[in-house]
Amino acid sequence: SQTIHQWPATLVQPVGSPLSLECTVEGTSNPNLYWYRQAAGRGLQLLFYSVGIGQISSEVPQNLSASRPQDRQFILSSKKLLLSDSGFYLCAWGVNRAPYGYTFGSGTRLTVV
Amino acid sequence: AQKVTQAQTEISVVEKEDVTLDCVYETRDTTYYLFWYKQPPSGELVFLIRRNSFDEQNEISGRYSWNFQKSTSSFNFTITASQVVDSAVYFCALEDGGSQGNLIFGKGTKLSVKP
Numbered sequence: 001s002q003t004i005h006q007w008p009a010t011l012v013q014p015v016g017s018p019l020s021l022e023c024t025v026e027g028t029s030n031p032n033l034y035w036y037r038q039a040a041g042r043g044l045q046l047l048f049y050s051v052g053i054g055q056i057s058s059e060v061p062q063n064l065s066a067s068r069p070q071d072r073q074f075i076l077s078s079k080k081l082l083l084s085d086s087g088f089y090l091c092a093w094g095v096n097r098a099p100y101g102y103t104f105g106s107g108t109r110l111t112v113v
Numbered sequence: 001a002q003k004v005t006q007a008q009t010e011i012s013v014v015e016k017e018d019v020t021l022d023c024v025y026e027t028r029d030t031t032y033y034l035f036w037y038k039q040p041p042s043g044e045l046v047f048l049i050r051r052n053s054f055d056e057q058n059e060i061s062g063r064y065s066w067n068f069q070k071s072t073s074s075f076n077f078t079i080t081a082s083q084v085v086d087s088a089v090y091f092c093a094l095e096d097g098g099s100q101g102n103l104i105f106g107k108g109t110k111l112s113v114k115p
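Protein sequences, first through last, are from chains A and B. Under the working numbering, the residue at position 47 of the first sequence is numbered 47, and the numbers go up by one with no gaps. Under the working numbering, the residue at position 63 of the second sequence is numbered 63, and the numbers go up by one with no gaps.
So here's chain A without its partners, still in its complex pose:
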């Protein structure tokens, strides 16, 4: 069966520090991968998605970047964190076949201080 792993679960980082969040998927090949952010007062928002290795699309301009170095690995990064980057980050993978939806990881709660 397919599983999605995300780490770390929680992270407290100072303003200006770098960030690297990792997401891996098991049990499937060539998945579509997604990074969402859930920020207070702004709901859930798609940040990046990838349909293949090295292919990244950004939905929202921001201080973050994403990379997909391997088929089942998706990384969210920042060179210098801002206070506004605080939030709950969720990785997801999806297949475009009913009745399946998008499967989300357990999330990383990031607090920038």
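Calculated directly from the structure, the hints in this document are not laboratory data.
Quick list of the computed label-pair ranges, beta carbon to beta carbon:
id, chain 1, residue 1, chain 2, residue 2, range
1, A, Q62, B, Q100, 14 to 20 Å
2, A, G16, B, Q2, 34 to 40 Å
3, B, K114, A, S67, 44 to 50 Å
4, A, T3, B, K114, 32 to 38 Å
5, A, S20, B, I60, 40 to 46 Å
6, A, S65, B, K3, 25 to 31 Å
7, A, H5, B, V85, 22 to 28 Å
8, A, G52, B, V46, 26 to 32 Å
For every residue, glycine included, the Cβ atom is placed at its ideal position computed from N, Cα and C.
Here the structure of chain A is known, so what remains is to put chain B in place on it, guided by the hints.
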């Protein structure tokens, strides 16, 4: 533009009561998908259902049922005989047929089921 509205911010019920969570969506596409997700206190989003715009049949899964009405652009979710374990935030989401997993989420409804 696509939009999902969950007008109920918080709902509190007593165990065994039935509860309906409302979802109204806006889209110009004729092909789209609607979802419901559950977010328990632990934070992960749990997939509940996906429906496409061409299938208006109501669906029942155990104590859960969904009512999809294109005429009113609504996709409501009912929990029958609610239980304390149903306490969570529930999100309705819309995906247009041409998008690549860009789910437009509503702001969620926090359901509290008290014993």
